[in-house]
Amino acid sequence: MIRAWLTRNWKVIYARLWVRVIGNNRQPAWIVAEMIIPVITLSAYIFMYRMLNAPAIYSGFVILGGTMIAFWANVLWNMSAQFYWEKETGTLETYFTAPISRMAILLGMALGGIVNTTVRAASVLTVGVLIFQTPLMLNQPLTAVLMFALTIVALYALGMLFASLFLMYGRQAWHTANLLQEPVYFFSGSYFPIFGSGGIPILIQAVASFIPLTFGLDGIRRVVILGQGIADVWIDVVALVVFIIILLPLAKFALNYMENLGKREGRLTLRWQ
Amino acid sequence: MSVKALDGVSISIEEGEIFGMLGPNGAGKTTLIKILSTLLLPTSGEAYVSGFDVAKESGEVRKIISVVSGGETPGYGILTAQENLWFFSQLYGLSSKSAKEEISRLFKDLDFEQFAKTRMSKLSTGYKQRLNLARGMLNNPRILFLDEPTLGLDVMTSKKLRGYIIDWSKRERKGTVLLTTHYMAEADEMCDRVAMIAQGRILACDSPLALKEKLKENVITRLEVSSVSTNFDFMEKMGGIIGYSQTRSIQTDTTTLKLMVRDESVLSKIVGTLEKQNLRILSSVPEEPTLEDVYISLCGRGFQEAEVSE
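Chains as they are written, first to last, in my numbering: chain Z, 1 to 273; chain P, 1001 to 1310.
Calculated from the structure, these hints are not laboratory results. For every residue, glycine included, the Cβ atom is placed at its ideal position computed from N, Cα and C. One or more hints might be untrue.
As the list claims (entries may be wrong) - In silico negatives: residues of chain Z with every beta carbon more than 12 Å from chain P:
(1) ALA4
(2) TRP5
(3) TRP10
(4) VAL19
(5) SER209
(6) ILE230
(7) ASP232
(8) ILE244
Claimed, not checked - Computed cross-link-like contacts, DSSO-like style, restricted to lysine-lysine with a CA-CA straight-line distance of at most 27 Å:
(9) P:LYS1212 <-> P:LYS1063
(10) P:LYS1063 <-> Z:LYS252
(11) P:LYS1216 <-> P:LYS1237
(12) Z:LYS252 <-> P:LYS1159
(13) P:LYS1269 <-> P:LYS1212
(14) P:LYS1159 <-> P:LYS1122
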């Protein structure tokens, strides 16, 4: 029985992942929106740092920031607001009347988003490094992989939590996603280092500590640009693990809670709210 | 503001039966389907699907049901019809081989194999609804909830879908169907039993034939009157009138009244009153009772009037 349940939900995860990957790649406009525009944005910061005679490593900080921010955008627009879109298009009803785990749907969406965004992010990273001849100092590749993996899991766990909370939202989902976009760009230090640079007020660092991407970016930059190892990024690793431990169960709890609330209030599949 | 969508509804549907819920928009039909399909919790009372409590055993209910709503998008526009069906088959754990076989069979049965590789966004409304029904049949449900399945469809497509559902329920699988509709002819053609619902209450429940039989002793007439603007509310105060519906046509400047009265003398009285108001009776045609007449006899008015007043 458990095996049948696991098999069915694995199929759901794979199917939802497949829809996301196939669907996204049938829209070639992503090349402009997710590759060219990010490169333009990070170019602006790199030119600014160069004008200020900042050390060359700052170009690397910007490129990695621009790369990782793609994941935040994906979490926000393709994860958090996804149940809202499913509700508006009518597919949510099918999900909620099927004998499957709702977390499997979210997991499928997350994995699909990770696959799509990793391809885009890798493209931005490659183009950025080649154009700006950014110096990289990667001494511990496995630590880099660990940091990247933990960052992604923590980010998408946050996305799963938001998706659950947005389940009951109507149009506010769109505005809320907008509201979260720029502040996270700023507080996570997408284009400048938040921790250890000396120039960022302690209050901003404190606020930034509530965002998984801040620790992820800090750790990845240390490992990839500054050549540091696991001993130097253990705080980032611990912070990300804590985020994951808290966010994943919280996402499941929120999803159950919101589903029940929606079923009680009759708003689960109510559209155009 | 809280609205009581269903009030004291108590029905029991037999296995293999096609059961219709007939009522105007806002009568509570969709609410009932949402409760039975585990999308909504009742504020009080209990509901069971195949013996499973919809509130406490929703997981068991979901294994044996399927919901198909009219006017819905049947999947993701960027995927083809075939890809959409494959995706939905995975929600029910079908193996690749079973999914492939089932999908081909459904394309064939619903007669749209030629659109298997067409993106869903490019399908017409009729073919989207065929796809929607195919999606609902993928898991071979024991109980199928159909919420206005032919809403907005042309006559031929509606007929095709109705035929498929009857065939599925009666000959192939002995599946149970709960159908909501406000198309009288659809309920008449498809359903073994029909419940008339208005403002969340069941007004009558029986086979279409039995419901219509009860009206045999009344006189049902369709009158065409030469005015589109006359207020016919005065008829409500006349004795002997069971109910009436009216359809106004601006193009022909006429109103068609469907009257249900106790006997011929009441009809003569109405005609006399209309003529006194200088209205010409363009035609007067006696009619056999329909399910709409059953509704009129229960509510005193037709669906359209009920929807306008609600």
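We went through each hint and held it up to the structure:
no. : hint                    : verdict
1   : ALA4                    : violated (7 Å)
2   : TRP5                    : violated (9 Å)
3   : TRP10                   : violated (9 Å)
4   : VAL19                   : violated (6 Å)
5   : SER209                  : holds (38 Å)
6   : ILE230                  : holds (39 Å)
7   : ASP232                  : holds (44 Å)
8   : ILE244                  : holds (27 Å)
9   : P:LYS1212 <-> P:LYS1063 : violated (37 Å)
10  : P:LYS1063 <-> Z:LYS252  : holds (22 Å)
11  : P:LYS1216 <-> P:LYS1237 : holds (23 Å)
12  : Z:LYS252 <-> P:LYS1159  : violated (44 Å)
13  : P:LYS1269 <-> P:LYS1212 : holds (25 Å)
14  : P:LYS1159 <-> P:LYS1122 : holds (22 Å)
Going down the numbered hints, you'll see the structure goes against 1, 2, 3, 4, 9 and 12, while the others check out.
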